[in-house]
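Enquirer: Sequence:
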Amino acid sequence: MVAILLGLEFFIVFDRTTEGYENSLKDKYAMLVVAKDEMSIDDFKSWDTHVYKVAEVEKDSIIKRVDASFTKSGSSTIEKKMPNFYSIKLNRYLNESELELVKRNFMKSDKVTRVESFDTLHNSNYGLFSFIRFSFQTFIIFMTIIGFFLIVKQMEVWNFMHTDRMKVMDIFGATLFLRSKVLIVMGIIDAIVSAIIASGVFYIIQNVWMKGQNIAIIEDNTSALFSFNDIFILSFASIVIVMIAVFLVVINVKEE
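Residue numbers (the working numbering): -18 to 237.
Derived DEER-like restraints, expressed as beta-carbon distance ranges:
(1) Lys9 - Phe158: 54 to 64 Å
(2) Ser27 - Lys7: 18 to 28 Å
(3) Asn72 - Ile126: 33 to 43 Å
(4) Phe209 - Arg95: 47 to 57 Å
(5) Ile127 - Asp18: 51 to 61 Å
(6) Asn104 - Ile170: 51 to 61 Å
(7) Phe213 - Glu19: 44 to 54 Å
Think about it this way: if two alpha-carbon atoms lie no more than 27 Å apart in a straight line, the pair counts; the simulated DSS-like pairs of lysine-lysine are:
(8) Lys70 - Lys89
(9) Lys7 - Lys89
(10) Lys9 - Lys70
(11) Lys34 - Lys92
(12) Lys84 - Lys62
(13) Lys84 - Lys17
(14) Lys34 - Lys9
(15) Lys62 - Lys40
(16) Lys92 - Lys26
(17) Lys40 - Lys70
(18) Lys17 - Lys92
(19) Lys34 - Lys62
(20) Lys92 - Lys61
(21) Lys62 - Lys92
(22) Lys34 - Lys70
(23) Lys84 - Lys7
(24) Lys7 - Lys70
(25) Lys7 - Lys92
(26) Lys40 - Lys89
(27) Lys70 - Lys26
(28) Lys17 - Lys61
(29) Lys17 - Lys62
(30) Lys84 - Lys26
(31) Lys9 - Lys92
(32) Lys34 - Lys89
(33) Lys34 - Lys84
(34) Lys61 - Lys34
(35) Lys92 - Lys40
(36) Lys148 - Lys134
(37) Lys17 - Lys34
(38) Lys17 - Lys89
(39) Lys7 - Lys26
(40) Lys26 - Lys9
It should be emphasised that the hints constitute simulated quantities derived from the structure, not laboratory data.
We treat Cβ as the ideally placed atom computed from N, Cα and C, and that holds for glycine.
With these hints in hand, go ahead and build the complete structure from the sequences.
Expert: Now the structure itself:
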């Protein structure tokens, strides 16, 4: 049972971690749009629905980066001739083709003169993220297959351990509830203990093992490794598995 719950918890952690890492990449990424006229967030959203946030880049800061020796009057003259610069954040982390489509949509506007999507850096980060996600998903598939066979084996063990006792109680006229009562109580206790052990393993990983580790996808999402709500999720899942096992044992005894 513990092995089954460890597999389930790993799946939960994987889902939270990859989602957190993807949001982190999304928050760090921004496109730069150059426009000859002022534009609002509604203007950008009218061209592409992926637009989440728009921030105008101050012209004065750009001038200072280019050359700090400009005089105040010179800076004012240059500012008037300069186009408008906007930093665009998107509502999710897009792949290469989606990002290119956003870029083309912006360029359809008569106001937009240039769009810089920083393709090389974005594609490099997205490629790494896709590889990590694919690796984890492959591992999850194997864990799911192993978990399925473990559940089957768990049911076989329960059947072997309790069939004889159920038959004896049936001979003495015990009701179905009475025959199943001890089995259900033992199963629930086993389920809760297993859930606590599985949760404890991930709690230790989060608070002990992860200290000093330099794993990028996990380092910024340490909180995703364990949540106390997981104890209730694992307890519920283990109780469901136990109830199914008890039901199958009872059915098997009745058929025999």
